[in-house]
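Mapped onto the UniProt record's numbering, the consecutive letters of the sequence shown carry residue numbers 1 to 153.
If you are wondering where the hints come from, they were derived from the structure by calculation, not from laboratory data. Check each hint, because a few of them may be wrong.
Said to hold, decoys possible - Result set (BS3-like, lysine-lysine): computed pairs, CA atoms no more than 30 Å apart in a straight line: (1) Lys121 - Lys105; (2) Lys118 - Lys105; (3) Lys88 - Lys105; (4) Lys88 - Lys63; (5) Lys105 - Lys127.
Stated by the list, open to error - Label-pair distances were calculated between CB atoms; the ranges are: (6) Val80 - Lys127: 31 to 37 Å; (7) Thr144 - Ala53: 17 to 23 Å; (8) Ile129 - Trp56: 40 to 46 Å; (9) Gln79 - Ile129: 23 to 29 Å; (10) Leu16 - Met141: 42 to 48 Å; (11) Val111 - Leu25: 36 to 42 Å; (12) Trp32 - Asn68: 41 to 47 Å; (13) Lys63 - Val111: 34 to 40 Å; (14) Phe132 - Arg81: 49 to 55 Å; (15) Gln79 - Phe132: 29 to 35 Å; (16) Met141 - Pro120: 42 to 48 Å; (17) Cys38 - Glu73: 18 to 24 Å; (18) Trp130 - Val11: 49 to 55 Å.
Predicted model only: the values in this text are computed from it and were never measured. Every residue, glycine too, gets a C-beta built ideally from N, C-alpha and C.
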Amino acid sequence: MAVLTAATTTVLLYILVTISFLMILFRMVLSWRLNRRCSAEDAWMLGALCFLAGLWYTGTGIKYGTNNVANPERLTAEQVRQRVMGSKTVLVGRLCYASAIWCTKFCMLAVYTRIVDKLPKYQRFIKYIWAFLFLTWVASMVVTLFECRPLNQ
Numbered sequence: 001m002a003v004l005t006a007a008t009t010t011v012l013l014y015i016l017v018t019i020s021f022l023m024i025l026f027r028m029v030l031s032w033r034l035n036r037r038c039s040a041e042d043a044w045m046l047g048a049l050c051f052l053a054g055l056w057y058t059g060t061g062i063k064y065g066t067n068n069v070a071n072p073e074r075l076t077a078e079q080v081r082q083r084v085m086g087s088k089t090v091l092v093g094r095l096c097y098a099s100a101i102w103c104t105k106f107c108m109l110a111v112y113t114r115i116v117d118k119l120p121k122y123q124r125f126i127k128y129i130w131a132f133l134f135l136t137w138v139a140s141m142v143v144t145l146f147e148c149r150p151l152n153q
């Protein structure tokens, strides 16, 4: 099995995020050209674009590694500083990635909301799903933040 180096991982990250970015941008431009207006789904996808842009930032920290080291006492002060910076960018990347996924989920829910807009029987359920989806996003952020101890490193 091939092992990915930091450089390969960074290049792969940039390629995949760029493809995702272009696909979302294409969808938004096509939606604008067809409807001449922005919908709630477009706003959620714009949010996903912003979080994908945050993933590009993560690529700079991958080359430093993280603070997950077997023998940290063997590291120099500069290596420790770089690994702390790498860990922080990985944390930002995880938060951005999860938020981009949740923005996509919110986008799909906005489509479903528009579909059931004329069906009062289902509108109540959609409101519960909005609340549940928001709570799961908050839970994913909290879990991601609290798995890092200490948070300042």
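List, from low to high, the hint numbers that the structure doesn't satisfy. 6, 8, 9, 10, 11, 14, 15, 16, 17 and 18
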